[in-house]
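Visitor: Residue numbers (the numbering used here), protein chains in the order written: chain P, 1 to 421; chain L, 1 to 421.
Certain hints may be false.
[What the hints assert, rightly or not] Calculated cross-link-like contacts (lysine-lysine; reagent style DSS-like; alpha-carbon spacing at most 30 Å):
id : chain 1 : residue 1 : chain 2 : residue 2
1  : P       : 223       : P       : 210
2  : L       : 116       : L       : 420
3  : P       : 16        : L       : 181
4  : L       : 210       : L       : 223
5  : P       : 181       : L       : 16
6  : L       : 210       : P       : 16
7  : L       : 116       : P       : 16
8  : P       : 16        : L       : 16
9  : P       : 16        : L       : 223
10 : L       : 181       : P       : 223
11 : L       : 223       : L       : 181
12 : P       : 420       : L       : 16
13 : L       : 181       : L       : 210
14 : P       : 210       : L       : 16
[To be verified] Per the computed footprint, the stretches of chain L lying under chain P, defined by three or more beta-carbons under 8 Å from a beta-carbon of chain P, are:
id : region
15 : 9-16
16 : 21-28
17 : 34-40
18 : 264-272
19 : 286-292
20 : 308-319
No lab work stands behind these hints, which were simulated from the structure alone.
Glycine included, every Cβ here is placed at the ideal spot set by N, Cα and C.
Protein chains: 2
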Amino acid sequence: MRIEILCTGDEILSGKTVNTNHSHMARRLGEVGLTVCWGTSVGDDRESLREAFRRAAARADAVIVNGGLGPTVDDLSQEMAAEAAGVELVLHADWLARMEAFYERRGRVMPPNNRKQALLPSTAEFIDNPIGTACGFALEIDGTPFIFTPGVPREMRRMMEEQVIPRLLSRSGHRVATRMKRFHSFGIGESRADHMLGGVESLAPAGTVKLGFQAHYPQLETKLSVRADSEAELERLLAPVEAEVRSRLGTHVVAEDDDTLEGVVSALLARDGCTLATAEMLTSGAIAARFLPGKDAVDPHRAGVVSRDLGQLAAAAGLAAVPGSPDSSAASAIACALRRQVGTTHALATLVAVDEGEDRIELGGTVVIGISDAGGTVTREARLLGGREWVRLGAVELAIDCLRRRLAGLPVDERIDFEKR
Amino acid sequence: MRIEILCTGDEILSGKTVNTNHSHMARRLGEVGLTVCWGTSVGDDRESLREAFRRAAARADAVIVNGGLGPTVDDLSQEMAAEAAGVELVLHADWLARMEAFYERRGRVMPPNNRKQALLPSTAEFIDNPIGTACGFALEIDGTPFIFTPGVPREMRRMMEEQVIPRLLSRSGHRVATRMKRFHSFGIGESRADHMLGGVESLAPAGTVKLGFQAHYPQLETKLSVRADSEAELERLLAPVEAEVRSRLGTHVVAEDDDTLEGVVSALLARDGCTLATAEMLTSGAIAARFLPGKDAVDPHRAGVVSRDLGQLAAAAGLAAVPGSPDSSAASAIACALRRQVGTTHALATLVAVDEGEDRIELGGTVVIGISDAGGTVTREARLLGGREWVRLGAVELAIDCLRRRLAGLPVDERIDFEKR
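Chain P on its own, in the form it takes in the complex (with noise of 0.2 Å):
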């Protein structure tokens, strides 16, 4: 099935937007198995509208579009749709009741213009948005399927999940139940995941669970998409797999799903009513803006010094004598002074040294980890390149990945793939 996204805007066509809806669209696409081969943008004018539509018709399967559905009169989609497809447009009552109501429990009347966002194709099938006032609609243009889809990320998003992914597997043949697992982990490169996880998808039948990756330096996400006949299948389809890359990743998995490494290492210092203090020279606070509460979020990060320099750091931890060099006894003397002076149960000193020089990818650094709490004081030291910025990002992930190592009772010291020794 061969699916064209459409995304149509001058912000978008301009640059003015960067075009992270045809990203999500057909990343989701891809995730489920479904083929994205043509993508086109093109601005808020009725000649390329039409140009775009009939095109699209000719040479894909299914066609996504994306944005125009707004109250302006520079949001076209309805009325190209109803011109390419050769109908009228008609008044969808039951939309119209629905967005007043939405307007009156905000306490405001809704302002004539949005009366255009109930104007359908007459032969369009209506498609809920219940986080908007754009609803989604689709119908055939020249015999092929058009779905048409909000521009506000989060309400396509929405709709992709819940309208257009499965009209579009049931349309494909494809089955309809779908999830994706998502393992994040730190320490191991792409290449070495995937050789570390060759054959996994064997363990579920050919073609229902489909393995990738997507690096975000310095994690790694890796994903487990699943397809089957209904959620029961789906899960046992899942579980074997899901089990060996648990097994295999090993202790490099930070956090899985929606969980965050800091998110973890926030629950396992909680669970066991602990609290945290940071020291960072050249991170700059970065570490402890990883802790940031949330709205219900558990918050152990109690107090952070940063300097770059390292005796004013010494200083603020409340370490009487300045270290000569920022060596792993300077780390952690400094997390054992920071513990005590602030009074919380763990503390982390992360100490950066970038090496000299102009700003390069060969450009290294060394990193220097100390972790003090009442079992006593860790180190960890490593050499990273990839020039000062990266030698940054990494510091911070090993920084907090070695405190819920310490947290789950891990090897602080597990050789990472970014380390140069």
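For this one, chain P is given, so just place chain L on it according to the hints.
Guide: Below, chain L without anything else, positioned relative to chain P:
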């Protein structure tokens, strides 16, 4: 002149990579007065490229193709360009020699695959890539000029500025010297800035200077695009408009061109041999992280303390008495204590209290800033709305901007548009 941007590559089409190349190219073309009329993305397959080249040639007056110039078998741009133009591929000996020298300088032997990158359609005009192995080229397909550019963003960006834009401007009959003057401001929204700057373009002859905005909350970027026959004329046209924009935006301008707010603050501090310490509540190191040192950058930031607990923060700043609430007197006392403790000339304390309740667009927060220096203490209080993250981002910017104002001798309490009173 109707320009089409044609991005090639499975990574872009499948959504694995977000297509920032399209947005960059389109934005830059718009800024010099050229218009992008169509955007296409296709994967690395011959049939799609063939069809995309044919359609673009029929539709556009000029086509920029991006990607597919690499050394691997899925890089098809040269091959398909030659096929579409009905010519052979020939070896560009100069480029081959340049590539070999490029590898040699790095102490490596060029892999044989890379030879492919020196094969160009026989009618193509070579376009230099001074920073990579994928050279560009230009040729006509069905009478329409096509320019092929590398997919690596930094190589594409440089080629756009140095080669693509001048060629397109000259072909379009536009004037050829162009410049983009940029002002970064904090505290004014796009619509107010638009209003404040009404008519400035008319200080230059019609069509030579174009005003535009790009909002990156909390900052706003105001851009003046200038086109002229020569650099000298360009200076002459720009000068009065630039001066007028600077004057009307006034104290809200935090930096110009490639400068940043934090860079300006660091330079102001360094000018007078001053140093800085920061205390942050809720922004969790995000203020300190803005002062990350670059390669040759001045680095006046000495130390920072962060905590989400007011008592802990006060203690870390060396304040004996714990403040009762995060108000102006607390901010002032923390800044004074911190300055004394760390021994810097300046201290900046930023306290944020976000309202209780679920995170939502109406959620507000109170930001209190205290600055201590040899001249005494100043404070600033502001109420921001827009949800947790919005308040936090606004607080970071407001704090650094207050310090800029203090250092520059400007009032620190000028009302900003994001503020509700």
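Visitor: Next, verify each hint and record whether it holds.
Guide: Comparing the hints with the structure gives:
no.: 1; hint: P:223 x P:210; verdict: 8 Å, holds
no.: 2; hint: L:116 x L:420; verdict: 61 Å, violated
no.: 3; hint: P:16 x L:181; verdict: 17 Å, holds
no.: 4; hint: L:210 x L:223; verdict: 8 Å, holds
no.: 5; hint: P:181 x L:16; verdict: 17 Å, holds
no.: 6; hint: L:210 x P:16; verdict: 16 Å, holds
no.: 7; hint: L:116 x P:16; verdict: 35 Å, violated
no.: 8; hint: P:16 x L:16; verdict: 21 Å, holds
no.: 9; hint: P:16 x L:223; verdict: 13 Å, holds
no.: 10; hint: L:181 x P:223; verdict: 44 Å, violated
no.: 11; hint: L:223 x L:181; verdict: 6 Å, holds
no.: 12; hint: P:420 x L:16; verdict: 28 Å, holds
no.: 13; hint: L:181 x L:210; verdict: 10 Å, holds
no.: 14; hint: P:210 x L:16; verdict: 16 Å, holds
no.: 15; hint: 9-16; verdict: holds (count 5)
no.: 16; hint: 21-28; verdict: holds (count 7)
no.: 17; hint: 34-40; verdict: holds (count 5)
no.: 18; hint: 264-272; verdict: violated (count 0)
no.: 19; hint: 286-292; verdict: holds (count 6)
no.: 20; hint: 308-319; verdict: holds (count 6)
The earlier numbered hints that this structure contradicts are 2, 7, 10, 18.
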